[in-house]
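Chains as they are written, first to last, in my numbering: chain A, 1 to 171; chain B, 1 to 101.
Worth flagging that the hints you see were computed from the coordinates, not collected in a lab.
Since the model is a prediction, treat every value here as computed from it, not as a measurement.
Built from N, CA and C at the ideal position, the CB exists for glycine as well.
Mixed in with the good hints there might be a few duds.
Here are some of the chain B residues that sit facing chain A, going by a computed Cβ distance under 7 Å [what the hints assert, rightly or not]:
#: 1; residue: Glu4
#: 2; residue: Ile6
#: 3; residue: Asp7
#: 4; residue: Ala14
#: 5; residue: Ala17
#: 6; residue: Val25
#: 7; residue: Ile30
#: 8; residue: Ala49
#: 9; residue: Ala72
#: 10; residue: Ile81
#: 11; residue: Arg97
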Amino acid sequence: MVDTLFLGIAVLTIVSAIAALEMRSLIYGGIALMGTLGGIAGFFILLDSPFVALFQIAVYVGSIAVLILFTIMLVKRELIFQKKEDPKRRYAGIGLMLIIMISLGAVIFNSGLSSITTEEPSVDYREIGEDFLTYYWPALVVMALVLSSSITGAMILARRHDGVEDEQRTD
Amino acid sequence: MSNELIDFVIVSVALLAIGIYGLSVKRNFIRMLFAVEIIINAANLNLVAFARFLPHSGGQTFALFSIAIAAAEVAVGLALIIVAYRMYKNIDVANFRSLKG
Numbered sequence: 001m002v003d004t005l006f007l008g009i010a011v012l013t014i015v016s017a018i019a020a021l022e023m024r025s026l027i028y029g030g031i032a033l034m035g036t037l038g039g040i041a042g043f044f045i046l047l048d049s050p051f052v053a054l055f056q057i058a059v060y061v062g063s064i065a066v067l068i069l070f071t072i073m074l075v076k077r078e079l080i081f082q083k084k085e086d087p088k089r090r091y092a093g094i095g096l097m098l099i100i101m102i103s104l105g106a107v108i109f110n111s112g113l114s115s116i117t118t119e120e121p122s123v124d125y126r127e128i129g130e131d132f133l134t135y136y137w138p139a140l141v142v143m144a145l146v147l148s149s150s151i152t153g154a155m156i157l158a159r160r161h162d163g164v165e166d167e168q169r170t171d
Numbered sequence: 001m002s003n004e005l006i007d008f009v010i011v012s013v014a015l016l017a018i019g020i021y022g023l024s025v026k027r028n029f030i031r032m033l034f035a036v037e038i039i040i041n042a043a044n045l046n047l048v049a050f051a052r053f054l055p056h057s058g059g060q061t062f063a064l065f066s067i068a069i070a071a072a073e074v075a076v077g078l079a080l081i082i083v084a085y086r087m088y089k090n091i092d093v094a095n096f097r098s099l100k101g
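Kindly generate the complete structure, drawing on both the sequences and the hints.
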């Protein structure tokens, strides 16, 4: 049976996910997205994985959400509140959402997943550290390279191309 | 532990469906990025839930990798939004026409 804490976090996560997509203002949408990400971190704590929860809070709620909010503030004010969508497409989207929810939910309910419970202790976070540094070390190196190259790529993409910097540099 | 695996999987399915709705209905670049974030978080929740109930450390390790790669993806996505906004003065994907055939 689910407990009240799980129910509260589930409601927070799903309601703020809907709010993030449906709020009129993009800024409030971004703040609602922070609620979703924080709710997921709460689920991680319920699943006895405090290390992943802290990582989620540090990376998602701490940096990605703030990055998104700053990008929204760089966009013109009218565009933040603009909400143009085709009603037909909207109803089709809601239908698609319900179909996915019901069909996947039915498959999951009828599968053997509902009988899985565990009494075993959870994974110690020391094991995760050992995994990272022994079995997964090539993946860790590749991840570091991907992160640094994507940050460099992002900066090169977002650079201004009006040539002002070049003129200043020659001076 | 009072919660079962299926509770977490159901929440994950709900988040996945909401994310797919947002990705198919919204035409605002930033909102589509929100939807992608929601889908990635649903996947991470699944990974950690299965890792708890097996129990095995691989799920948590993969979730950490996934979070780091998602950070890189968002950085590139936001840079693309800024470039597209500078080129088209708009963030509606229906206006981004230069890649259309």
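Report task. Quick one: which hint numbers does this structure break? Sort them smallest to largest. Result -> 11
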